[in-house]
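Chemist: So the sequences go chain by chain: A and B. Each residue of the first sequence is one higher than the one before, counting from 1 in full-length UniProt numbering. Each residue of the second sequence is one higher than the one before, counting from 1 in full-length UniProt numbering.
It is worth saying that the hints were derived from the structure and are not from the lab. The beta carbon of each residue, even a glycine, is placed where N, CA and C say it ideally should be. Some hints here could point you the wrong way.
[Unchecked claim] Each pair of labels, with its calculated beta carbon distance range: (1) B/S77 with A/A347: 22 to 28 Å; (2) A/Y216 with B/G58: 25 to 31 Å; (3) B/S77 with A/V25: 47 to 53 Å; (4) A/A347 with B/D390: 27 to 33 Å; (5) B/V146 with A/I231: 58 to 64 Å; (6) B/Q375 with A/A347: 31 to 37 Å; (7) B/S394 with A/F37: 55 to 61 Å; (8) B/K256 with A/Y216: 38 to 44 Å; (9) B/S77 with A/F266: 49 to 55 Å; (10) B/T224 with A/A347: 40 to 46 Å; (11) B/L275 with A/A347: 27 to 33 Å.
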Amino acid sequence: MNLVTQGKKEHPNNILTEGRSLLKVNIREYGMYIALFVIMLTFSILTDGLFMSSRNISNLLDATGYIAVLAVGMTLVIVIRHIDLSVGFAAGFLGAIAAILLSQAGVPVYFTIPIILILGIVVGLFNGVLVASLGIPSFVASLAGMLIFRGALLNVTEKTGTIIVKDEHFNALGNGYIPSWFKLNDLNFLSLLLGVLIIMLFVYFEVSKRRDKIKYQFEVISSGMFTVKLIFVSAIIAYITYIIAGYNGFSWTVIIMLLVVMIYHFLTTSTVLGRHIYAVGSNPEAAHLSGINVKKITYIVFGSMGLLSALSGILFTARLQSATTTAGTLFELDAIAAAYVGGVSAAGGVGKVTGSIIGAIVMASLSSGMNLMGVGISYQYMIRGGVLAIAVIFDVMTRRKRS
Amino acid sequence: MSNYILEMNNISKEFTGVKALTDVNFKVEKGEIHCLIGENGAGKSTLMKVLSGVYPYGTYKGDIVFEDDIQAFHKISDSVKAGIAIIYQELALFPDLTVYENIFAGNEIKRGSVVDWNKTIAEAKKMLQRVGLDVNPEVLIKDLGVGKQQLVEIAKALSKHVKLLILDEPTAALNENDSENLLNLLRELKKQGITCIMISHKLKEVISIADKATVLRDGRTICTLDGAKGEITENTIIRNMVGREIEDIYPKRANKSFGSKILEIKNWTAYDPELGRHVVKDVNLHVKKGEIVGIAGLMGSGRTELARSIFGNPKSYKLQGELLVNGSPQSFKHPKDAIKEGIAYVTEDRKGDGLFLIQDIKSNISAANLKGISQNGVINDNKEIRVASDYKSSLNVKAPSIEQIVGNLSGGNQQKVSIGKWLYVGPQLLILDEPTRGIDVGAKFEIYTIMNKLIADGMSIIMISSELGEILGMSDRIYVMAEGAIKGELPIEEANQENIMQFATQ
């Protein structure tokens, strides 16, 4: 084995060379973070720091929430070589149902949310049946679903028009912030605490992962490089926490987004279910012959997509404090774009949920930055389209280089 | 003018840090059939890719002299223009287009800027005649068997006025009949003055057809053997390929003792609703503990279908008959049911439906038994690493680490990973479908040794194979299949090539 730990000599020059080679090998993964960094830096300069202000970053992340949760589900759908175009209007429709239950039927919020989430799962499973059991191409099946939900959304909202939601607890999901307890130098204390907790968790997991790798004599980065990485990422988390704590602190939307990412990250990387999903994506025939129930996996992935569509609908309705006739328009394409920018492969079997979240944030940053600069909406679409194309070109090129 | 149509002088080719070819010299005389032999990874395919312009001029060192001129092929079409055509193992035909459209694909006969279909069909007929293929040119490619598809490929090459025809393992997917036809065609083309380079793993073919044979090993030319001087023999080829003598390529087992019946099937019939016909007909078969049962037969005789109908019926055939595992009747609805009863199936097409090529060795080995490395559905990474490392070393998988992507391994090592995946399931019966197809002699020997070791550990094996040598060398008992039915059962003592072929062609 040629996998001996390097890291005996640790002068800065070595770390630089190592950094360069690490970057070369992991260019696809790091590329995304670098792109995000460059985008944020550029906008900060162009807007005299307005972009990185507490208020803007908070708003940006809140506005990403309902797309980000869709992007997480979409990642898995694309990983198993399918697509779901129905999620946008499914989210819009389910959000409208939530508004009706709350405002017109008078169902309390703690019943409404589980009902909507379960409805979402049912919707997703229905798509799963079409795709897995009837063998309809997912593009067509979900295109049909998209039309049906669009109609359904119009149907439930056309009599009343926009449905206002007055429930404070529900609306807090889209607009509210976690309590502060008390202010520390004008900073939100609980949010700071949360940031510290995240950093501690991050460091703990990274260190124990590295310890395991060393135990099995796997290749690891040098301890110098490792320290640099830990400090770098921790500093970023700390900085973002600091920015957010300077405004209203973490919003419930961001907390929900973080929870979804953490759960899905765990599911996809550490569980049998996750392995099965990636196995089905990389070779469905081989997966079937390995005793994996491909149909069941397809149901689960579409079911989870439905669940997250419902969540997205809830977040969006709460954010607007109302259900509108056009809610959910183009959400699905934003989610698909976020997943591709985040490194999902259309060939299946490749893609991380963390990547898709970064992809969603990249796209949201572009919108937010250009809005601050007063770029016209026509140019905004073109620029975002260009970024999507560049991301995929970059992906294809780096993959080709590797093989 | 020299006698050589092709001279490749001092060819070297490097892939980031890895030397694939080092100073290779390869000379082919006009009008000969020249075989190129070597273990997998010896550099045969790379050499042919250099020749055909897949690796463009300038990315390799050395000279290609074709018809006395130094050539600089920048792309594949340059070499095609010069008269070089290459036919790959995986055929490059369009299954949903007709035979004539395929023959002239990319080389359309035009009148003005419009395709002249009448002339195309007429020309296609001529080409088909030349290759001795009697089919209507308007038939779709997907409706032809592999053997006939191969002939269409050759017809396509002929339509481009090929002078040098290169065939990469042309008979790997063919049965003995089709193989013989193909070899005869090559002899016929030789008479017409077409030079041919053939890459092959089947030594018998090489011996029967080659005028010359060049052996590559580790990216270097080892020797060129001359058939006219009687130099092309199994011994010389194998010795030069592996650099050592393999006394017996089929390792012997010491003490054979068979126990009770592990698997038995009675009056077993499978109907494929997609094809609309029976693929397995009234099969009776059993396997005892500690036995290697060989299933011989030609391609398409229903062997793979039989194996799949036993292994949880993944293609949803309609089944009839009885399936007993250790004497108790079973009906498997899904491969996972069969796995639960201790049956494992290593598929014949390891790239197509055996392995997860984009994943690493570790995930491939654990794929069929994630329960073994997890607790409450959560994977224990450390245990997985331990398991994968164990199999990697016990099966001698040659790779830098268990985090190596399986798609980057050689055929033999991929096969070992594939077997490792199934061994980790802990089966009592292992079904091996063409276990040594497309892998080199050294790796074959290793696979046979692994099989013997498994038997010694108390496992049973069903081995499906098209190679008679392997069937005769490894089996304890042989079933011969043809047209979905078992035509004969032979104890190893009574079996020989002749009686197996007799049953197989019934």
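Chemist: Sort out which numbered hints this structure fails and list those numbers smallest first.
Modeler: The structure breaks hints 2, 3 and 7; every other hint is satisfied.
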